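Note that the protein sequences, when read in sequence, are chains A and B.
Heads up: the first sequence at position 160 corresponds to 160 in this note's numbering, and the numbers run straight through without jumps.
Heads up: the second sequence at position 404 corresponds to 404 in this note's numbering, and the numbers run straight through without jumps.
Errors might be hidden in some of the hints.
[To be verified] Covered stretches of chain B, as calculated for chain A (at least 3 residues, CB under 8 Å): (1) 76 to 85; (2) 107 to 118; (3) 162 to 176.
By construction, these hints were calculated from the structure, which means they are not laboratory data.
All figures in this text were calculated on a predicted structure; none of them were measured in a lab.
Just so it is clear, CB atoms sit at the ideal spot from N, CA and C, and this is done for glycine as well.
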Amino acid sequence: MMMETDRKDGRTPNQPRMLSCSRNILHRAHGSASWSRGETKVLAAVYGPKAGTKKNEDPEKACIEVIWKPKTGQIGKAEKECEMIMKKTIQSICLLTVNPNTTTSVVVQVVNDDGALLPCAINAACAALVDAGIPMKHLAVAICCCVAEEGSVVLDPTKLEEQQMRGFAYLVFPNSALSALPKGSSLVDGEPLEHGIITSVTHGVMSVDEYLRCVGRGRAACAKLSDVLRRSLQKSE
Amino acid sequence: MDSRLANTWRLTVNEKKFIETALASDLRIDGRKPLEYRKLTINFGRQVSVPIFRPFFFFFSCWVLSVMEDGSADVQLGHTHVMGFVSSQLVQPYRERPNEGTMSIFTEFSPMADPSFELGRPGESAIELGRIIDRGLRESRAVDMESLCVLAGKLVWAIRIDLHILDNGGNLVDAANVAALAALLTFRRPECSLGGENGQEVVVHPPEAKDPLPLIVHHLPIAVTFGFFSTEYTMVVDPTHSEEAVMGGRMTVTVNASGDICAIQKAGGVGVPQSEIMRCLRLASDKAESITKNIKDAVEAFNTERMLRKIKRHSTAVAANVSIENDVKGQKDKLAGQRVNESSMSQMERLKLKPDESSISQNDGLGSETRSSDQISSQRAEGNAPLFLGGPSSWDPHTHGVDPDFLKASLAAQGKSNPKAEQSSEDSDDDVAMQEKDASEDVKPPSLATDSSETVEEQKTSIVKKTLKDAVKPKNRRRKKTRS
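Make a model of the complete structure from these sequences and hints.
Rendered as structure tokens:
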């Protein structure tokens, strides 16, 4: 039984790292969560709707502000980029019209970076938003898929693997919705909601086929992840 | 963000009056006495929090993983939560001090700690906090700077301490100070040696080649903060956030366990009589002793765990749930050894001990003997694999370990070749590792369960828990044999 790629820590290519998530860990923040995948760990805190929006934002909607704090060092362009990606992702899952003219701030602190940092942060932010009670349409689950030299797809790389792979993609999918409505009603263009991609960030080089394969694998992994996430969020109520 | 938006939390007049009135009868709002300190918890490295879901899918496991990283500490003082990280870099020294290393402290008041903390330039309290901790460490010469010199006038180590304030529950100075100290005590800097012509080239050894060195810390300056209220000279130790909003003045005393005062900071605020100040200094000395003991105990426990981890790295042991790939062979697999901690159910099917065995054979050349033990061990692997499907309890640190008799039996069954093999693999390791093993032989770590089980004989998850003695003893015997 030969695996396509032998990974250093012994995982199969389709196997993500150990997952751990906990909510409500901070006392001052309105909502907080910590999310860790193997050795990558991120802490997220949410301060609930504050009055007023920032300068160039639309006052008819709620504004989301993301602050990314790296483990050491100054805040540079890479951090700003992560902030922007997270902001757009969160904006698409939150119900922005419920609290117009308010600002919700999400602060993300990187505790350790060992590959797949942005997906980890998005998952943590999502859990923190749930903890704070911010109204959302559905949750977002994120995963990182990378493409190895020979074209095979590997899930959830560590930092070393990320650097060695030809290219990798961070993918964010919506959480599958448990709905009382009949099955067909939540379809978008004939496809179920959870087949859509909310965010996709790629680095490196990959062909269209490889990218689509990544998406397929990522989607399957996220389906499992979203079930686990829902269960864990419900349990700790 | 506008500051008016951020300051949505303010104490009402009623709350302020209540706090002051309660203090008049020696009661604090969180139930403490005025001179009582809050509970201090120090954690090292990145400790993943207790997982909360069962393994419905074998992709996700529910084991507690504690991976330790050097130089990072997580301190909780009541509700206050601070994280400290220490890192080092080779830089040019200051011109006036060519023989000394440098140390700098960066404090970040993260917006997640308090709604009133803003991003951007640090405010007064952030700067004051950084200065107090800096004075305590630098001017009392707590950390030995001269040992950080590599090449006088050219290259020295610069230590950088990053303190992240995550949750503001009051008394940030004390908590941040403890975090800085704890991180400094557990930090290890890479060893470097001089080489090249004239001995002017510096070679930095990676942690796999040579063990990193700890910093030399002479004493621990502990900061103790007092809060003064404008009514009746009331004084409290370790004020909480609400008390800080009410109090009229504060004083921070940095003192070490031998009673030496390293720094005192009282910046304005309500006037306090001399006798009160002297009383505060005495109290601070007492508190400093207990906090120092607390820190030292925590660091001891962490160092013990680290030593155990090191032993695991050097032995080519396998955690039952993790398959060791072929590149684990040789001594470069320390990284992989650390990875061994990550595992999941599906790994059980991939118990590959052969590469492990064969790496041993490479080291000592006992080809045929180890190969036969290969077969025995792989048979065992196959045979026991089905036992572990669906049972995460083998990795749970709270399950009971395997009884030593079974371990000894398995040791005997595999014959001499295995232990011998291990012995020689040990031989090829650094002397440092051996010393550490000797030192830790007396330690019986119950926490071993969280680490991967060692020794080649153990291929099963059921035998995860093995006391260190069982692992180490035969090896020591071997060592003497092979060395003599």
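A quick look at each hint next to the structure:
1. For the stretch 76 to 85 of chain B, the stated coverage by chain A holds: 4 residues have a C-beta nearer than 8 Å to a C-beta of that chain, and at least 3 were required.
2. Counting residues of the stretch 107 to 118 of chain B whose CB falls under 8 Å from any CB of chain A gives 7; the rule of at least 3 is met.
3. Requiring three or more residues with a Cβ within less than 8 Å of a Cβ of chain A, the coverage given for the stretch 162 to 176 of chain B holds, as 6 such residues are present.
The earlier numbered hints are all upheld by this structure, with none contradicted.
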